[in-house]
Amino acid sequence: MNLTVRESLIAFRRAPLLSALSVTTIAFSLFVVGLFGLVAVNLQHALQDVAERVEIVAYLLPGTPIESITLAEKDIEAFPEVQSAAYVSEDSALARAHAELVEFRDVLQELERNPLPASIEVKLKPRFRDVDHVNEVADRLRGFGFVDDVRFGRDWVEKLDRLRGIAAAVGLVVGAAFAVVAIIIIGTTIRMAVLQRSREIAIMRLVGATNGFIRRPFLLQGAIKGMLGGLVAIGLSYGAYTLINRWLIHAAFFSKEQAVAIVGFGTLIGLFGSAASVGRHLRRV
Amino acid sequence: MIKFTNVFKAFPKGGLALKDVSFHIAKGEFVFLTGHSGAGKSTVLKLIYAEEPVTSGEVRVSGFNAAELRPRDVPMLRRRLGIVFQDFRLLEDRTAEENVAFALEVTGARRSSIPARVMRVLTQVGLAAKAQAYPRELSGGEQQRVAIARALVNEPTVLLADEPTGNLDERATRGVFQLLRDINASGTAVVMATHDLDLVRQAPYRVIELQEGALVYDSAVDEPREAASP
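So the protein sequences, as listed, match chains E and X.
No gaps in the numbering here: position 47 of the first sequence is 47 in the numbering used here, and each next residue is one more.
No gaps in the numbering here: position 72 of the second sequence is 72 in the numbering used here, and each next residue is one more.
One thing to keep in mind: the hints can contain errors.
Claimed, not checked - Selected chain X positions facing chain E (Cβ under 8 Å, derived; list incomplete): (1) K3; (2) E105; (3) R150.
If you're looking for bench data, these hints aren't it; they were derived computationally from the structure.
Using N, Cα and C, we set each Cβ at its ideal position, and we do this for glycine too.
Please work from the sequences and hints to get the whole structure.
Here you go:
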C-alpha cells in the first residue's frame, strides 16, 4: 500500500475516538447546512408550483372566425416567452363552469344563452413567469383585433415576484452564514487533529521528511473525514426528510447533483482545512 | 565537515545566544560541547541541523552553507545527520522497530530494504530482542538506544546528541555513552552536548566549552587544562 494512504489510515486506527469525533462534527455541521438546503429546495419547488399557475387569458370578441383564432394561436405560440397557447371555445368554457362551479349549477342550467366568451389561455415558460414579461405578453395580446380583454391577476403575479425575491435573499444570506459556520467548525476540528500530532510532525521534520511528505497524509485524511462527514450528513438529512415526509408534509429531497455537491463541499473543507493547519505548523516548527 | 566562522546568533527578543563562535569539526571526530545550561550548546546544535537561521557569520555542514539553505534543502541536510535528544522524542504509539523504520520511510527508502536495515541498527544498539516493544515498555536507557538506532539508520556522517544522558541514571548513562563511543569508532563523527563533567573527564576527546554564548575553551586549539571550569 502507498505510504501516504497507509499513514492516513493509521491515524484513524490510532486515534479512533478523535477521528470519529471529527467525522461526527463535520457530519452535523453539514447536516445543518443540508437541512437548510432541504428547506430551500422545497421552498423553491413550492414557488415553482405556484408559478406554474401564472396564466394569461385573452378573451375574444363574440363571432370571431375560428380560422383567425387558429392562426393567432400559432402566432402566440411562436412568442419566445410562451410555452403553450390553448383555445377555449364558448361551449367548453360553459362545460368547465358546470364542472367547477358546482354551487351555481342550477343557475347555469337555467341560462338561455351562453354568456361566457371564448378565450385563448397562454402559459409562459418558467423563466418568464414574472411581472415584466407577463405585462409585455399581455400588451402584445391586446394588439390582436379580436381580443376583447386580457386578464392575468396582476397583484398575484407581483406578490409572487416579491416572494421569490425574499426567498432568494434569505436563502443566500442564511445559506452563506450556515456554510461559514460549518467551515469554521470543520476547520477547527481538523486543526485539533493536526495539533494532536504536532509532536509527530516535529519528529518527522527532524529525521528529514520533506514538507510534502508530511503534508500528504494529513490532506488525504482531511479529505476522507470531510467526505465521510458529508455522506453521514446526507444520511441524516435523508432520515429527517423521511420523517417530515411521513408525518408533516410531502417534501422533496436533494437531486443527485445536490447530494454530490454537499459531499464535495465537505471533502473540500476537509482538504483545505488540513492544508491550512499543517501549513501553519510547518512554518512555525 | 562542520565549520563555524564568526557565528553570531541573536535571541528573537534581543540579546545574543552566540557571540563570535568559530570552530571546525573534522570527519570522524568526537567532540564534547560543554557549558552551563543556557550557555549556547543547544543553539550550536540547532544551527548545525538548521532548526534556526544564523544571524551573522558562516555555518557550513557537510557541503551545505546555512546562509544559502533553501527550505527544501533542510530535509536533505538532516538526512545526513543523526540527532538524539535528552527526551528521546520517540513516537509513543509505534514500536521500537516502527520508530526506527519511520526514519527510513520518510526519506523514501526502498520498502523491501527497510526491515533488514532496521534490524541491523537495533542489533547494533543491543535492542534486537525488544524490537516489538513500545516506548512505554522500555527503560530510559533503552528508549535512548532506540532513538540512537533511529539516528543511525540513515547512515549519517555526524551524530548530534543534545544531553543524551540527561534523563538517565548512572548505569544507563555509561551504556549510552559507550554506545556513542562505539559509533564514533566505526567512523561517524559525534558532537555531544553535555554538562556531565565526569563523562567528559573519562574520555580523551576534544572539548569545546561555551560560556554565555562565547567559545571560551577549545581543547584542539588552547592549552590543555585540568578540567572544564566549574
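Quick rundown of the hints versus the structure:
Annotation: interface hint on K3/X violated; nearest CB of chain E at approximately 21 Å, more than 8 Å. For E105/X, the shortest C-beta to C-beta distance to chain E is roughly 6 Å, which falls under 8 Å, so the interface hint holds. With its C-beta approaching chain E no nearer than about 7 Å, R150/X sits inside the 8 Å limit, and its interface hint holds.
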